[in-house]
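Number of protein chains: 2
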Amino acid sequence: MLDETHDTRLGSWVRSANGHQHFPIQNLPFGVFSPAEGGGARIGVAIGEEVFDLSDAAKLSLLEGLPADIFQQASLEPLMAAGLTTRRQLRKTLSRVLSQEAYADSGARCLRRSVDCEFVVPTTIPDYTDFYAGVYHALAAGKLFRPNEPLLPNYEHLPVGYHGRSSSVIISTADVHRPTGQMNLDQTVQVTKSRKLDFEVEFAIWIGKANERGNPVAIGKASEAVWGYGLLNDWSARDIQAWEYRPLGPFLGKNFATSVSPWVVTPEALAPFRTASFDKGHAVSAYLSDEHDGSSGGLDVILEVLLSTDASREAGLSRFSLANMSTRYLYWTPAQLVAHHTVGGCPLRVGDLLGTGTISGPSSGEEGSLLEATKNGVKPLVLPNGEWRAFLNDGDEVTIRGICEREGAVTIGFGECTGRICD
Amino acid sequence: MLDETHDTRLGSWVRSANGHQHFPIQNLPFGVFSPAEGGGARIGVAIGEEVFDLSDAAKLSLLEGLPADIFQQASLEPLMAAGLTTRRQLRKTLSRVLSQEAYADSGARCLRRSVDCEFVVPTTIPDYTDFYAGVYHALAAGKLFRPNEPLLPNYEHLPVGYHGRSSSVIISTADVHRPTGQMNLDQTVQVTKSRKLDFEVEFAIWIGKANERGNPVAIGKASEAVWGYGLLNDWSARDIQAWEYRPLGPFLGKNFATSVSPWVVTPEALAPFRTASFDKGHAVSAYLSDEHDGSSGGLDVILEVLLSTDASREAGLSRFSLANMSTRYLYWTPAQLVAHHTVGGCPLRVGDLLGTGTISGPSSGEEGSLLEATKNGVKPLVLPNGEWRAFLNDGDEVTIRGICEREGAVTIGFGECTGRICD
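Protein chains in written order, with UniProt numbering: chain E, 1 to 423; chain X, 1 to 423.
Simulated from the structure, these hints should not be mistaken for lab results. Be aware that one or more of the hints could be misleading.
Given that identical chains are not distinguished, each listed pair holds provided it fits within a single copy or across any two copies.
[Said to hold, decoys possible] With a Cα cut of at most 30 Å, we get these calculated DSSO-like pairs of lysine-lysine:
id, residue 1, residue 2
1, K193, K209
2, K209, K280
3, K280, K221
4, K280, K193
5, K375, K143
6, K193, K221
7, K379, K193
The structure presented is a predicted model; accordingly, all values stated were derived computationally and were not measured.
Kindly generate the complete structure, drawing on both the sequences and the hints.
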């Protein structure tokens, strides 16, 4: 599956791309942005510190017959709907155009500085689903609430998931308003601002292929439904959630905001970073089982969560690293999530978003939420500047980063998914 | 709030409307349909056995300056977004056009026989939320699974709800495929077709007004967010749901199909049928409390669920009436559902769908699901033709009807929400 686009020797005439930790020419993730000078939302590709404007590139005939109007869109959906072959060909074209000096003059006319661009959520998100596939998170959260039965009996047999709220998905850097909600404090029902506002480090899966109602996606075809990947922060109000969630699951505790990163990293870019799926030590149902998937169905993306506070920014301090974890800790592969989601005939649509669920590692320093890191607020974290946190304060800015590193491959990244708490 | 459109003496030159149980001229519900002769989806109004084509009517200048393109749409959303005043004016115009003989000649050119039309889901449903507001259902279902605590402590304080799957919402008459899923049978994990397929009688609320993220809709303004009402069948696979639902709620047990009725009945049409909200016997949080709402926040829609089977249809039998219930049995009013949904800042969008949750009455013969009527399959129903049902068989067709009756008002109805189980 590796080809010339993964060649470690490949460089770009976009100088900032060479050696860039996230967006070297081996990555080429897609996103939707509005340039500072106006002209409306369109699709671009990240290359170093620049965005390569695909609408402009198509107009300059750099994209081999792909029409400009597929890129002059406020959503990736039309490009996604053009299919797998189009995505792969486009990647090869972009790799050539952005590497060969012959294209440097015309290509440079399509570059925008990333810092000047405004990004939007990459699709309209017809539906958003959130899973619970981070097994160490499920174990740790389960221990807090059900010490005798941290993992429920279904956990090792199927991907537990629930439907999220599409309207509340926001782009990285958008502010997160602290929600007001009803909660039960000291056995009294109260309505107040959440005092247990938390982040959840998740991985995002963007669906690019629809299935008809009543037609499940077979596990062997499920990877083809995934158009790309990103980072996701499933902001959670623990006090609201704790009171509302029985018996139908999370609702207002989640639907005030979910942040996603702007760049959608393709399966082609991630090909060097496939890994074995999580070793479950037991067989799973046939519809979730795939020999090939077993050996290379997983992904190894190193995630990091960082925090800055009002005080830390005033003091000019760097962001504090709170935890590291990896998508290797997901109990189910993206293909398994798709196969499960559709086994009863549920239709996925182009542009749908799946969250994996919070990802934590098995060790201290690998917690994907403050719930876990502070034992539900009981053991506050002490930050390097002496502040402590049980949960998030107003002004706190949480950033998730994702990086893929492997010997023999060029390091690529997902950029950042960030959001700041405001009143 | 009653005006000349509710006048009991008002008749229509569309003869089938006069005395029609569902669609007399006092109702005038909106829907989206495609005429048999082609020409694409557009908006219509039900009048007796006919559909009044609003796209044609606008072209004939019958609608007082409203442009035809707002009606030549596959969705009600543009009309909804035109706002409350437009809806009310349009109702008055339609009442005049469809009642006065002077319009009979030109108006007749806009009529299509309902039976010849193909209906579609009335909006794109940006998001679908399902509540649990039927208190007698919550009590009955709770008794089955938690005999010692049928109503959880939060139930009487807030509307419990969860996010549903927009992509799985289908129009009345569309077939319902029996889902395959993983379940735990006799302590063995199995993947098989659901054997506990059920209906759930619900009331549908169509949202016509958006709120920005972070801006709750105050209870006093919440009724204005509702553009109309319909019928909803939240098909449920009890065996799939029972295994998957802990700890995050229903997922594949629900997202294979949810049926909605085609006609959206407006708040204006329902004005004569407002009723007091459910008497809770205790105060609720201020954001859910509204004096006005307390006296007239509820609705009295009589619902009925009917069943036909392969055998009953072959024998030429009428549909069997399984149960009757009323929206009076909803613990929370539509305005309370909207206020709660947005109190944490969650954005509603134009075209969103809210289900109320299953509606049952307190007595036998008022069960809104087979789960309740058969005690989770333990006490099968015996049908009038001698068949028995623990849950639904293939070929079973379930129909929900809704009617509003009150002395001094013309009876209006919601039509039907129907679906047949297929393999």
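Hint-by-hint comparison with the structure:
Taking CA atoms no more than 30 Å apart as the test, K193 paired with K209 passes between copies only; the shortest distance there is 25 Å, against 40 Å inside one copy. Taking CA atoms no more than 30 Å apart as the test, K209 paired with K280 passes inside one copy only; the shortest distance there is 28 Å, against 47 Å between copies. Proximity of K280 to K221 under the C-alpha cut-off of 30 Å is restricted to the intra-copy arrangement: shortest distance 22 Å within a copy versus 52 Å between copies. In this assembly of identical chains, K280 and K193 lie within 30 Å of each other by CA distance solely across copies; the values are 26 Å between and 41 Å within a copy.
Proximity of K375 to K143 under the C-alpha cut-off of 30 Å is restricted to the intra-copy arrangement: shortest distance 10 Å within a copy versus 33 Å between copies. Taking the closest pair of Cα atoms, K193 and K221 come within 30 Å of each other only across two copies (21 Å); inside a single copy the shortest separation is 45 Å, beyond that limit. With identical chains, the CA atoms of K379 and K193 are at most 30 Å apart within one copy only, with a shortest distance of 22 Å there and 47 Å across copies.
Of the numbered hints given earlier, the model fails none.
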